[in-house]
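Using our numbering, read the sequence shown as starting at 25 and increasing by one per residue.
Hint data in this document are derived by calculation from the structure and do not stem from the laboratory.
One or more hints might be untrue.
Stated by the list, open to error - Distance ranges between label pairs, derived from CB positions:
#1 P36 - R336: 37 to 43 Å
#2 T195 - S165: 35 to 41 Å
#3 V85 - R346: 55 to 61 Å
#4 R315 - R202: 22 to 28 Å
#5 D161 - P211: 23 to 29 Å
#6 D161 - T262: 57 to 63 Å
#7 P239 - R336: 29 to 35 Å
#8 P239 - A149: 39 to 45 Å
#9 R346 - D37: 39 to 45 Å
All C-beta atoms in this analysis are idealised placements derived from N, C-alpha and C, irrespective of residue type, glycine included.
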Amino acid sequence: MRILVITDRYPPDATGGYERSCADVVRHWRTAGHRVTVLTTGTAGGDDGGGEDVLRILPGVDEPAGAAAAVRAVLRDTRPEVVSAWNLARVPVAEVLGPVAAAAVPVVLVVCDGWLDAAPADVPAVAAGSRVVYVSDHLRSASSRPSWAPAVDAVVPSGIDTDVFTLRPVTDRSWSGRLLYVGRMSPAKGAQDAVAALADLDADTTLHIVGSGTPGQWAAITALSDGLGVTDRIEISTGDRDVARAAYDGADVVLFPSRWAEPFGLVPLEAMARGVPVVATGTGGSVTYLRDGGNALLVPPADPAGLAAAVRRLAADPALRRHLATGGLAAAGTWTVHRLAERLAVEHAATVSAAS
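Go ahead and model the full structure; you've got the sequences and the hints to work with.
Spelled out as structure tokens, the structure:
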């Protein structure tokens, strides 16, 4: 297929789960022989890892006319059979999809968060045969969608890149009290609960934070850790997925204390791939794969004491750690980006067929 991917941000300009999933799928599609062009925002030029078929010429929300012109030019030059539209939260949706509708090119909206709920109502109706693909049953049931969006929908669960987070055999490891949190510092992600849980654990327990955030979010975490007297027990790192993988390998347990309804949640699966037990809140779409007592221990959101209790339980029970790690490894081998790319390719092919 000739596929035009349109998304508001694309690695390395952004490295969130949505953007990484898009780039991973693009890579798999190209390997499978599909002709894929990516249209996104950002600064063109330089070695950005995307190749010549990543066009960083799409203006943001402040330049609607420029966005329409860019889309028309790329449609003319690439003649796609289908448009794969990912996150359009930071681009003018009507001006991006209007030229696609005018050209009668079918669209697959790959929805991995709530951007479609906030999309404007004045978007031209997409072409016949178009569809919406959600990353989880939870996201589909929780989402509303504007009248211009396709009536046909499907659920294709997300997955991790096992080329990066390779499946590491489970081994018996002694407990060293090394906790790990990977993710944004947004309060919705619960990093503050991981810090508060640390304060409820033995003084030789440590917390490694691998994440990103605004200056204000980092300041809030620092103020909390200072106030609880645990700053000297916290290590902070930033970086790409290689940094995260190394952190997983050094952890005894990964905390995923999300407070919001996760559309899917990739961090637990990344940890599971590396054979690390997980304690999570099991919110939103993460229930797709999280099984309490099977591949993780689940605790309520916003419950640092519950997190700490789960950590103490793992520390005291090597057999439980091995059991959860074994179950997690099986889950990580199931929910992969290779599977995601294959199933999305089927959805895109069906869209092309329905439109013809």
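Comparing the hints with the structure gives:
1. Restraint check, P36 to R336: a C-beta distance of roughly 39 Å satisfies the suggested window 37 to 43 Å.
2. A hinted range of 35 to 41 Å holds for the C-beta pair T195 and S165, which are about 39 Å apart.
3. Judged by the Cβ atoms, the range 55 to 61 Å given for V85 and R346 is violated: they are separated by roughly 50 Å.
4. At about 24 Å, the CB distance of R315 to R202 agrees with the hint of 22 to 28 Å.
5. Separation of D161 from P211 is about 26 Å and conforms to the stated range, judged on CB atoms against 23 to 29 Å.
6. Range check, D161 to T262: about 33 Å between beta-carbon atoms, so the 57 to 63 Å window is missed.
7. Separated by about 34 Å at the C-beta atoms, P239 and R336 satisfy the suggested range of 29 to 35 Å.
8. At about 42 Å, the CB distance of P239 to A149 agrees with the hint of 39 to 45 Å.
9. For the pair R346 and D37, the beta carbons lie near 40 Å from each other, so the given range of 39 to 45 Å is met.
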